[in-house]
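Number of protein chains: 2
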Amino acid sequence: MSDQGYVPPKVWVNNSEGGNKWANINSPESGARFERDLPVGEHPLQLYSLGTPNGQKVTILLEELLALGIKEAEYDAFLINIGDSDQFSSGFVGVNPNSKIPALVDRSGEQAVNVFESASILVHLAERFGHFLPASGPERTQTFNWLFWAQGSAPFLGGGFGHFYAYADEKQEYPINRFAMEAKRQLDVLDKQLAKHTYVAGEEYSIADMAIWPWYGNLALGKLYDAAEFLQVDSYQNVQRWAKQIAARPAVQRGRIVNRTFGEVWEQLAERHHSEDIDKVLALAP
Amino acid sequence: MSDQGYVPPKVWVNNSEGGNKWANINSPESGARFERDLPVGEHPLQLYSLGTPNGQKVTILLEELLALGIKEAEYDAFLINIGDSDQFSSGFVGVNPNSKIPALVDRSGEQAVNVFESASILVHLAERFGHFLPASGPERTQTFNWLFWAQGSAPFLGGGFGHFYAYADEKQEYPINRFAMEAKRQLDVLDKQLAKHTYVAGEEYSIADMAIWPWYGNLALGKLYDAAEFLQVDSYQNVQRWAKQIAARPAVQRGRIVNRTFGEVWEQLAERHHSEDIDKVLALAP
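Line order of the protein sequences matches chains A and B.
Those letters in the first sequence? Residues 303 to 588, by our numbering.
Those letters in the second sequence? Residues 303 to 588, by our numbering.
Some hints here could point you the wrong way.
Since the list gives no way to pick one copy over another, a pair counts as held whenever it fits inside one copy or between any two copies.
[Unchecked claim] Distance condition first, Cα-Cα at most 35 Å in a straight line; then the derived DSBU-like pairs of lysine-lysine:
1) K473 <-> K312
2) K312 <-> K494
3) K546 <-> K494
4) K525 <-> K582
5) K525 <-> K312
6) K473 <-> K546
7) K546 <-> K582
8) K473 <-> K525
9) K473 <-> K373
10) K525 <-> K373
11) K312 <-> K498
In short, the hints are calculated from the structure, not lab data.
Looking at chain A on its own, in the form it has when it is part of the complex:
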């Protein structure tokens, strides 16, 4: 493919015919593609997700809440296999019209509440249970600063760098350069912040860490896009320190495997309905 002299048409038309393995999933139209209800388990919190970084954010928070002894945070985590188009069922679209994982239905109140966008789920749960998001003051603002930083930055890492470096069938120099530079800049922003603070938003562990670690922590630990050498992730020493510190938390080790369908056998749990489901898989770890 050469771009020499490419002139966009007056009106964009959908000529997608490959380019990457998601080509048959992507579409300029939203909405349900087929009728199917979502399954419902026994707990008040019903999560529909996949163990990608965006999914991990929520299961890490849920496991952190359970680790505090909050039984109301018990949840059923159903698998949404995006390769099988599960995100386009009428049931899933009814919860999240944007057809992206994760989505949560909170059935604890009189009225079921649909929650979508990973960070909105973090805020909803943090406010409901009163943990990991300060209720007021500058610390609350700092947590939101970095939570929104995560949500606005990760698309450049995932939809930008990850797509062009790891997923696109043909490697293209310009987009890879553009998004590699931004990925490194983002790592550098985090590195300077973590040089001054224990956690991203300050001295307290918060939902900002839970939003950022699955993307930038995994990246720093060499678990995303096989890009550790390319981006020289070892040079961000404060990110390294923090990434390992978060990874060592038992709740993180539990949450990160939920709805995960790749990796080692001891880090894959397609669905989670009881605490023991996680115990059994983690018991397989070497």
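Since chain A is already given, all that's left is putting chain B on it; use the hints.
Quick look at chain B alone, frame taken from chain A:
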């Protein structure tokens, strides 16, 4: 530039030498590039911004609050000219280590609070003044759902579609197709939501509208990237209805021109320190 057979190196190196007009601003390193304090005006709220969509979000909210008679929302809006690297001053980086506009310093309390990321500023101000973000219930969750949707989606519109369609010196087919498809899908998501609801998060005007309108409203009204025909924005009729409805609000007409340095003479106000600053410019409108 041909990508035929491009193989990324083992280690990414910064060879940026043009490609677009921002090439000398982009860098894989963050942090201050020179020492300079930020100016400080007379009001408790000090905004450092530029009238791009992300800047408009905040000035629209501030003008909406002032329209409600909330005098504590008075603000000084200083210009951060990103073409002149203002975002890399030690003063600006001290408020926002990510070097992106907008940034706000709230000096109303005992301790000055630094607020960055446009949506974090929206949440901070909405919670402080008790407007445009429901305090509890499903409506609060819906507002956060769509606020985070905006923040996670707009990078594909701005950093993706806008960059490759409007800013990159050479047009490249694959990235333009990728991001045009996503921009249209996002418009379609909004269109279906706005078919059912007056505003994005339901029946109440909220910070979700204020976050989404500057990007998708401007896009629908043909004021972003000159892409109205390419993306066939007229076909999203519910987005059209909503975009015009929001555009007609007096506070939106005021907020959208603050820190704006392009467009018609009656939509440009480099700095705003008093209400009359806006009146004078709007008086020039035909």
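Of the numbered hints stated earlier in the document, which are not met by this structure?
9
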